[in-house]
Amino acid sequence: GQQVMQIPQYQHVQEGEDFTTYCNSSTTLSNIQWYKQRPGGHPVFLIQLVKSGEVKKQKRLTFQFGEAKKNSSLHITATQTTDVGTYFCYTGTASKLTFGTGTRLQVTL
Amino acid sequence: NAGVMQNPRHLVRRRGQEARLRCSPMKGHSHVYWYRQLPEEGLKFMVYLQKENIIDESGMPKERFSAEFPKEGPSILRIQQVVRGDSAAYFCASSHIRDEWNTEAFFGQGTRLTVV
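The listed protein sequences correspond, in order, to chains A and B.
Heads up, the numbering used here is the position in the first sequence plus 46, with the first residue counted as 1.
Counting along the second sequence from 1, when you hit position 114 you're at 112 in the numbering used here, and nothing is skipped either side.
The set of hints was computed from the structure by calculation and includes no laboratory data.
One thing to keep in mind: the hints can contain errors.
If we take Cβ atoms under 7 Å as the criterion, some of the chain A residues that face chain B in the derived model are [to be verified]:
(1) T66
(2) Y68
(3) N70
(4) G86
(5) F91
(6) T147
(7) G148
Listed next, with one range per pair, are the computed distances between beta-carbon atoms [to be verified]:
(8) V96(A) <-> Q48(B): 17 to 27 Å
(9) V59(A) <-> V10(B): 29 to 39 Å
(10) K103(A) <-> E70(B): 16 to 26 Å
(11) Q104(A) <-> V10(B): 37 to 47 Å
(12) S64(B) <-> T154(A): 35 to 45 Å
(13) R84(A) <-> G57(B): 18 to 28 Å
(14) S98(A) <-> V10(B): 42 to 52 Å
(15) G57(B) <-> S76(A): 16 to 26 Å
(16) A114(A) <-> S56(B): 18 to 28 Å
(17) E66(B) <-> V90(A): 21 to 31 Å
(18) E113(A) <-> G57(B): 23 to 33 Å
(19) G99(A) <-> Q78(B): 45 to 55 Å
(20) R13(B) <-> V96(A): 40 to 50 Å
Below, simulated BS3-like cross-link-like pairs (lysine-lysine); rule was C-alpha separation at most 30 Å, straight line [unchecked claim]:
(21) K49(B) <-> K82(A)
(22) K82(A) <-> K97(A)
(23) K42(B) <-> K116(A)
(24) K82(A) <-> K116(A)
(25) K25(B) <-> K97(A)
(26) K42(B) <-> K82(A)
(27) K102(A) <-> K25(B)
(28) K25(B) <-> K82(A)
(29) K42(B) <-> K97(A)
(30) K102(A) <-> K42(B)
(31) K103(A) <-> K42(B)
Where is the CB? At the ideal position from N, CA and C, for every residue including glycine.
Bound conformation, chain A alone (with noise of 0.2 Å):
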C-alpha cells in the first residue's frame, strides 16, 4: 500500500530560522496537501498542489511538489513563535486518503 514518511519527526529551531519539512511516497502522488494542527487543536488545511514541479507561496511559507510527484516540501522562513504546531501531509485519491507521519516544529525566542 502507499506509504508517505515526513522527515524529520521533530525539530527545534529559534525564532527566526528557518524550518523545512519534507514528504516522501514510495508511489506517484496524484496531489498532496498540507495540514498543520496545533498544539491541542484539529488540522487545518493549508494548501493543495496537484502539478508536477509546482510550486506555492503563503507569506512565510513555501510549498513544493518534486518533479516525479513523489516528494514535497514545506518551507518557513524566519519562523515565529506562532508557527509551533505539527505539520502534515496528506495525499490519496478519493478512496485513499493518508496521512504522513508529520513533523512536530517546536519554535523558541
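Chain A is fixed; fit chain B onto it per the hints.
Only chain B this time, still in chain A's reference frame:
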C-alpha cells in the same frame, strides 16, 4: 455554513462501557473519514464512509469498533467495551469529492476519549 461538528468534545468512559462519537459533516459533503490520534503521535486512518456505505475500513480494529453513516443524521463511531488503550483523540473529516484530484478534507475539533 457550519464546519464539521463533532460531539461530544470530551468523553470519559469506564473500562467496559460503550463510547459513541458523533460527526456531522459540512453541508453538502457526503464523504466522512475517521482518524485516531494518540498523544504526541500522528493521525491514523480508521474508516472512510459515504452515505449508507462503508468504503474502506482497513484502519479500524476488527473487534469492538464499528462505524456508520446513515442516510439521515450524523456519522457514528462506536467503541464497545472500551479499554484504556482506546484513550485518544478521534477526529472526523468530511469532503465533497469532485474528482480524484481534489480531496481537500475539513476536520472537526475532535472528541477526546478518556477511559478510566
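Is the hinted pair K103(A) and K42(B) satisfied, with a Cα-Cα distance of at most 30 Å?
-> Between K103(A) and K42(B) the Cα gap is close to 28 Å, so the pair holds against 30 Å.
May I ask you to test the hint 18 to 28 Å on the CB atoms belonging to A114(A) and S56(B)?
-> With Cβ atoms ~27 Å apart, the hint holds.
G86(A) as an interface hint toward chain B, with CB separation required under 7 Å = 9 Å, violated
If you draw a straight line from the CA of K82(A) to the CA of K116(A), is it 30 Å or shorter?
-> 21 Å, holds
Would you mind confirming whether the straight-line C-alpha gap from K42(B) to K116(A) stays at or under 30 Å?
-> At roughly 21 Å apart (the allowed maximum being 30 Å), K116(A) and K42(B) satisfy the hint.
Would you check the hint for K25(B) and K82(A), treating anything up to 30 Å between C-alpha atoms as holding?
-> 23 Å, holds
Does the hinted range 16 to 26 Å hold for K103(A) and E70(B) at CB?
-> Because 43 Å falls outside the window, the suggested range is violated.
Is the straight-line distance between the alpha-carbon of K102(A) and that of K42(B) 30 Å or less?
-> 27 Å, holds
Distance restraint between K25(B) and K97(A), which requires alpha-carbon spacing of 30 Å or less | 29 Å, holds
Is 16 to 26 Å a correct range for the gap between the Cβ atoms of G57(B) and S76(A)?
-> 20 Å, holds
Indicate whether the distance between the beta carbons of E66(B) and V90(A) respects the range 21 to 31 Å.
-> 27 Å, holds
Hint check: is the beta carbon of T66(A) less than 7 Å from a beta carbon of chain B?
-> 18 Å, violated
Against the hints set out earlier in the document, violations occur for numbers 1, 2, 3, 4, 10.
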